[in-house]
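Engineer: Residue-level listing of the chains:
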Amino acid sequence: MKDRNVELIAGFVDGILSDTEREELLSAAREDTAVAEELVREVSIHRRLRFMSRESGETDEQAVREILHYLRVGGESREFMSDLKARWARELRKRRLWRRAGFAAAAAIVAAVSVWWAAGQRPGGAVVAVVREVTGQSGLKGAPKVGDEVCEGDRIESGEKGAVILAYAVGARVELGADSVLNAPTARSASRLERGALAASVAKSPASDVSPFVMETPHARVTVVGTRFSLAIDGGGGSSALGSTWLQVDEGTVEFTRLADGRSIAVAAGQFAVAGGKASDYALKAYADGTTWVDGPVVFRDGFEEGMDNWQVVSRSSEKGRTYAPASNADEKRVQIGGDEKVKNALSIDVPRNRKIDIGIRLRNAALPEAYMAEWTTIHNTVGTVVSPVLPGVTEYRNLYTAPGAYSIRVGSAHRMRFECVPAPERDAEDGWHQVSTYRSDGKPNTRILVRLTENTFIIEVRNGRILIDDVVVRKLLPSRKIRDDV
Amino acid sequence: MIGRADSERMKTVEKWVYAYQARLRAYLFSRVGDEAVTRDLTQEVFLVVLRQIDRFDFSREPWPWLISIAHNKLREYWRDLKKRGRADALDVFVADMQLHTDEDSEEDRTGEQIETLRHCVEALRPKARRLVEMIYTERLNCAQVAERLQQKAGAVRIAIHRIRKALRSCVEAGAAGDGT
Numbered sequence: 002m003k004d005r006n007v008e009l010i011a012g013f014v015d016g017i018l019s020d021t022e023r024e025e026l027l028s029a030a031r032e033d034t035a036v037a038e039e040l041v042r043e044v045s046i047h048r049r050l051r052f053m054s055r056e057s058g059e060t061d062e063q064a065v066r067e068i069l070h071y072l073r074v075g076g077e078s079r080e081f082m083s084d085l086k087a088r089w090a091r092e093l094r095k096r097r098l099w100r101r102a103g104f105a106a107a108a109a110i111v112a113a114v115s116v117w118w119a120a121g122q123r124p125g126g127a128v129v130a131v132v133r134e135v136t137g138q139s140g141l142k143g144a145p146k147v148g149d150e151v152c153e154g155d156r157i158e159s160g161e162k163g164a165v166i167l168a169y170a171v172g173a174r175v176e177l178g179a180d181s182v183l184n185a186p187t188a189r190s191a192s193r194l195e196r197g198a199l200a201a202s203v204a205k206s207p208a209s210d211v212s213p214f215v216m217e218t219p220h221a222r223v224t225v226v227g228t229r230f231s232l233a234i235d236g237g238g239g240s241s242a243l244g245s246t247w248l249q250v251d252e253g254t255v256e257f258t259r260l261a262d263g264r265s266i267a268v269a270a271g272q273f274a275v276a277g278g279k280a281s282d283y284a285l286k287a288y289a290d291g292t293t294w295v296d297g298p299v300v301f302r303d304g305f306e307e308g309m310d311n312w313q314v315v316s317r318s319s320e321k322g323r324t325y326a327p328a329s330n331a332d333e334k335r336v337q338i339g340g341d342e343k344v345k346n347a348l349s350i351d352v353p354r355n356r357k358i359d360i361g362i363r364l365r366n367a368a369l370p371e372a373y374m375a376e377w378t379t380i381h382n383t384v385g386t387v388v389s390p391v392l393p394g395v396t397e398y399r400n401l402y403t404a405p406g407a408y409s410i411r412v413g414s415a416h417r418m419r420f421e422c423v424p425a426p427e428r429d430a431e432d433g434w435h436q437v438s439t440y441r442s443d444g445k446p447n448t449r450i451l452v453r454l455t456e457n458t459f460i461i462e463v464r465n466g467r468i469l470i471d472d473v474v475v476r477k478l479l480p481s482r483k484i485r486d487d488v
Numbered sequence: 010m011i012g013r014a015d016s017e018r019m020k021t022v023e024k025w026v027y028a029y030q031a032r033l034r035a036y037l038f039s040r041v042g043d044e045a046v047t048r049d050l051t052q053e054v055f056l057v058v059l060r061q062i063d064r065f066d067f068s069r070e071p072w073p074w075l076i077s078i079a080h081n082k083l084r085e086y087w088r089d090l091k092k093r094g095r096a097d098a099l100d101v102f103v104a105d106m107q108l109h110t111d112e113d114s115e116e117d118r119t120g121e122q123i124e125t126l127r128h129c130v131e132a133l134r135p136k137a138r139r140l141v142e143m144i145y146t147e148r149l150n151c152a153q154v155a156e157r158l159q160q161k162a163g164a165v166r167i168a169i170h171r172i173r174k175a176l177r178s179c180v181e182a183g184a185a186g187d188g189t
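Those protein sequences? They're chains L and W, same order as listed.
Take 2 as the starting number for the first sequence in my numbering and just add one per residue.
Take 10 as the starting number for the second sequence in my numbering and just add one per residue.
Just chain L, same shape as in the assembly (with noise of 0.2 angstroms):
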């Protein structure tokens, strides 16, 4: 080897070459392989030098073997556990994508879970999602436990009354709805609704270059970049070529794909959209477009009738902003489901253009209680009001009753508060009937409702103002043996 290359590689190891010296090594290493192999191997003896002169510090033999034996046995291991137990835990604190309140108490309020693993279905992979939220019994072989990890492919399955929330490494957080199947994605595909239901929470990143989060059913596609929606599979069985995939959009815009035709449209905020097995079924656009508020006859066609227990009619008033309920009252009464004569299986709302109320549709039974509370924003702000039960048919929230916590809720459109539940005074509070009362930031009273918790209701009885439901915690509403007696 020329001398001079050995000066350039012994002045590359003493950090001394200038950037011209450098360019000249690089270009001699690259020509001569012999020149490559010696300036490796001088940097590896260089280092190893280093190395084992920092490990010991000392020309005591005696020294060095304590030292090394310290090294590799003692407290040096022990600070660089503690540092990495550190790092772990900061990471899994970092997984948890899912931290805003609201989600956090509707979360809280999944109850009666039963979920599993399928068996012999996780064929490994790199992790995509960590198990956030198992709520309610498991007791099923290969449940679950929170912070396990969710490999590629890997298939989850809920129970008959199950539910679990994910939080996926690309910043999605997924609550998967009972007697659900979700397939997590691979590097060649999507997650995979396959059965029932879910709703999906999407962070939006600040990087631009974020491929979006994609998600796909049988029969759609969605892909977003920031939003929040809810996911449907109506019936079929999973099969691509029956039943329907519904979604509902409650923030950001969603790319929905009709995976029969690959026809996309975009669905936002406050939106619905159905994709059918067959190009035939359910006109993706005609239901995207009549997921707006109209005003006056809409017809939707193409066998909605099959999907027609999911849906609800709903209405608001226009000069109320975007608040709505499910349409009962009397000016409602136009409303009407069904076909006429000239089509068939179709659904009908015929308002009269003066009155100054919306109509719209929505899922019944969206996946999870925080979509379905959405429905029920605004409970309207007639004085002695009674709203019974708020909560229809919604068993599933009783394991909210029994458990400590405080109420969350937002006053009217604009405030948000806390506040303690207290026996009401001029009903039996044996009877579970509490007195709840908001003010305003000024001090002045705001609303005050009575509120009824058993097992299986929770029934509000407005007395004045009006209350939005925002998102419950219970932190201690009844005696713990008073629960048991109304159980």
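To be clear, the hints were calculated from the coordinates, so they are not data collected in a lab.
Hints are not guaranteed to be accurate.
Claimed, not checked - Simulated crosslink set (DSSO-like; lysine-lysine; CA at most 30 angstroms straight-line):
| id | chain 1 | residue 1 | chain 2 | residue 2 |
| --- | --- | --- | --- | --- |
| 1 | W | LYS161 | W | LYS174 |
| 2 | W | LYS161 | L | LYS3 |
| 3 | W | LYS24 | L | LYS86 |
To be verified - Pulled a few chain W residues facing chain L out of the computed Cβ check, cut under 10 angstroms:
| id | residue |
| --- | --- |
| 4 | THR21 |
| 5 | GLN61 |
| 6 | ASP63 |
| 7 | ASP89 |
| 8 | VAL141 |
To be verified - Chain L stretches covered by chain W per the calculated footprint, using a threshold of three residues with CB under 8 angstroms from any CB of chain W:
| id | region |
| --- | --- |
| 9 | 187 to 198 |
| 10 | 255 to 265 |
We put the CB at the ideal spot given by N, CA and C, even for glycine.
Assemble the complex: chain L is given as a structure, and chain W must be docked to it using the hints.
Structural biologist: Relative to the frame of chain L, chain W by itself:
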């Protein structure tokens, strides 16, 4: 059942940390030459282990898995340095060459080699050993050593290069040094 409770996986990893972290760190240091980076990369390796331990075949030895993770971490490290303009083409070239060599070898012997190296250094002639001590223990550069020994820096550089070469031969032979 997939997954392990955090405590279980932490227990296994802790055992591996005690068994392998010194060896792993020695290897990584030999590749990056920086204590802080070495420590960080070693932790990164064990973090990957924590994430993926459920997929590990426990009938196998952990070390080959650890070292393959370490190779990936080293690649990421050099890629990142280059991206941030903190490493030039020569640094990356050397790193790549080392990684190729490491991956070709059946087993990493860094730990044993360091033990052997220690014996090799001890077996050096006093003058050569003194030179090694000045550079690696006292952390003097060649120019400072040259000044202390009243020699030219180039001569010191060549001398230490020859000593390193002799030490390499010694380590590779797996025997005590030749008394350079």
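Engineer: Does the closest beta carbon of chain L sit nearer than 10 angstroms to the beta carbon of THR21/W?
Structural biologist: Interface hint status for THR21/W: violated (12 angstroms vs cutoff 10 angstroms).
Engineer: In terms of beta carbon proximity below 8 angstroms, does the region 187 to 198 of chain L have 3 or more residues touching chain W?
Structural biologist: With 0 residues closer than 8 angstroms to chain W, the region 187 to 198 of chain L misses the three-residue bar; violated.
Engineer: Should the interface hint for ASP89/W be scored as holding, given a Cβ-Cβ cut-off of 10 angstroms against chain L?
Structural biologist: With a minimum Cβ separation of about 16 angstroms from chain L (threshold 10 angstroms), the hint on ASP89/W is violated.
Engineer: If you take the shortest Cβ to Cβ gap from GLN61/W to chain L, is it below 10 angstroms?
Structural biologist: 7 angstroms, holds
Engineer: Using the nearest Cβ pair, does ASP63/W come within less than 10 angstroms of chain L?
Structural biologist: At 6 angstroms from the nearest chain L Cβ, ASP63/W passes the 10 angstroms test, so the hint holds.
Engineer: If you draw a straight line from the CA of LYS24/W to the CA of LYS86/L, is it 30 angstroms or shorter?
Structural biologist: 13 angstroms, holds
Engineer: Keeping to a limit of 30 angstroms between CA atoms, is the pair of LYS161/W and LYS3/L held or broken?
Structural biologist: Given that 30 angstroms is the threshold and the Cα spacing comes to 20 angstroms, the pair holds.
Engineer: Tell me if the interface restraint on VAL141/W is satisfied: Cβ within less than 10 angstroms of some Cβ in chain L.
Structural biologist: 7 angstroms, holds
Engineer: Just to be careful, I want the Cα atoms of LYS161/W and LYS174/W compared with a cutoff of 30 angstroms; is the pair within it?
Structural biologist: Holds, at roughly 20 angstroms.
Engineer: Examine the region 255 to 265 of chain L: at least three residues should have C-beta closer than 8 angstroms to a C-beta of chain W.
Structural biologist: Since three or more residues must qualify, the claim that chain W covers the region 255 to 265 of chain L is violated, with 0 doing so at under 8 angstroms.
The structure is inconsistent with the numbered hints 4, 7, 9, 10, although it conforms to all the rest.
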